[in-house]
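**Q** Each chain, letter by letter, is given below.
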Amino acid sequence: KNQVEQSPQSLIILEGKNCTLQCNYTVSPFSNLRWYKQDTGRGPVSLTIMTFSENTKSNGRYTATLDADTKQSSLHITASQLSDSASYICVVSGAGRRALTFGSGTRLQVQP
Amino acid sequence: DAGVIQSPRHEVTEMGQEVTLRCKPISGHDYLFWYRQTMMRGLELLIYFNNNVPIDDSGMPEDRFSAKMPNASFSTLKIQPSEPRDSAVYFCASSLTGVTGPPTGELFFGEGSRLTVL
Chain U
755 KNQVEQSPQS LIILEGKNCT LQCNYTVSPF SNLRWYKQDT GRGPVSLTIM
805 TFSENTKSNG RYTATLDADT KQSSLHITAS QLSDSASYIC VVSGAGRRAL
855 TFGSGTRLQV QP
Chain C
23 DAGVIQSPRH EVTEMGQEVT LRCKPISGHD YLFWYRQTMM RGLELLIYFN
73 NNVPIDDSGM PEDRFSAKMP NASFSTLKIQ PSEPRDSAVY FCASSLTGVT
123 GPPTGELFFG EGSRLTVL
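Top to bottom, those sequences are chains U and C.
Heads up, the first sequence is in the numbering used here, so the first residue is 755 and it goes up one at a time.
Heads up, the second sequence is in the numbering used here, so the first residue is 23 and it goes up one at a time.
Careful, some of the hints might be misleading.
Computed footprint of chain U on chain C, listed as stretches where at least three residues anywhere in the stretch have a Cβ under 8 angstroms from a Cβ of chain U [said to hold, decoys possible]:
hint, stretch
1, 62 to 73
2, 127 to 133
Negatives, chain C to chain U, calculated, CB over 10 angstroms [unchecked claim]:
hint, residue
3, T35
4, D85
5, R107
6, A110
With beta-carbon atoms standing in for the labels, derived distance ranges [said to hold, decoys possible]:
hint, chain 1, residue 1, chain 2, residue 2, range
7, U, H830, C, R136, 30 to 36 angstroms
8, U, T810, C, G25, 25 to 31 angstroms
9, U, S800, C, I77, 44 to 50 angstroms
Hints are computed from structural coordinates only; laboratory data are not their basis.
All C-beta atoms, glycine included, are put in the ideal place defined by N, C-alpha and C.
Start from the sequences, fold in the hints, and give me the full structure.
**A** Written as structure tokens, this is what we have:
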């Protein structure tokens, strides 16, 4: 069964600190992996999209890594800000499949 | 562009009533997706359209749910009759190309319609 597992389920950090969120998947064959940020009460917004050949991608203070061999991805947030408080969702697409497989998300809370 | 526009943002209704959710995708996008999000199950694909044609409706939970896309700029998701277990946030999303790639299309979500069925 194609699955996407995210950890931790929730995380609290202090403003200015760094953090790393994890995503493990079993979707095969693999096509691409996305990270989305979802603020409370809003729709998900894309942060990064990575294909098989890409192993790192940055978007401002967000850096995503991908290891297609171990089927793992991480999202690193540098110098966190209060506005980073949100849920972060890992989404994997399988080649030849029509649908995306969504992780259950990591809820991040940044405290002053 | 204004992005994907959904209405209503909030809907409270009583069990048995008909509910219609509306979506206007980003102009020029050929793909439109309806998702449902709950705390228990996260985001689930209900149905998606390509060039106004339904391609995969295997995620539609039961016959009470139906979706239409009469033209490239409008889609509806209808629940009739509604039940309390339908309470969720329903998202519409659109993409210029398919999301499974290649090419890898970026998926743009609307702000969602929060449905509460009493």
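**Q** Report holds if the minimum CB distance from A110 of chain C to chain U is greater than 10 angstroms, and violated otherwise.
**A** 14 angstroms, holds
**Q** Do three or more residues of the stretch 62 to 73 of chain C come closer than 8 angstroms to chain U, measuring C-beta to C-beta?
**A** holds (count 5)
**Q** If we take the beta carbon of R107 of chain C, is the closest beta carbon in chain U still more than 10 angstroms away?
**A** 19 angstroms, holds
**Q** Per the hint of 25 to 31 angstroms, is the separation of the Cβ atoms of T810 of chain U and G25 of chain C within bounds?
**A** For T810 of chain U and G25 of chain C the Cβ distance comes to about 28 angstroms; the hint holds.
**Q** Is the hinted range of 30 to 36 angstroms satisfied by the C-beta distance from H830 of chain U to R136 of chain C?
**A** 32 angstroms, holds
**Q** Was T35 of chain C rightly flagged as not at the interface, with every chain U Cβ beyond 10 angstroms?
**A** Non-interface label stands for T35 of chain C: nearest chain U Cβ at 19 angstroms, farther than 10 angstroms.
**Q** Could you tell me whether the CB distance from S800 of chain U to I77 of chain C stays inside 44 to 50 angstroms?
**A** Violated: the Cβ-Cβ distance is about 21 angstroms, outside 44 to 50 angstroms.
**Q** Decide, holds or violated, for the assertion that all CB atoms of chain U are farther than 10 angstroms from the CB of D85 of chain C.
**A** 21 angstroms, holds
**Q** At a Cβ distance under 8 angstroms, does chain U reach at least three residues of the stretch 127 to 133 of chain C?
**A** holds (count 6)
Of the numbered hints stated above, the single one contradicted by the structure is hint 9.
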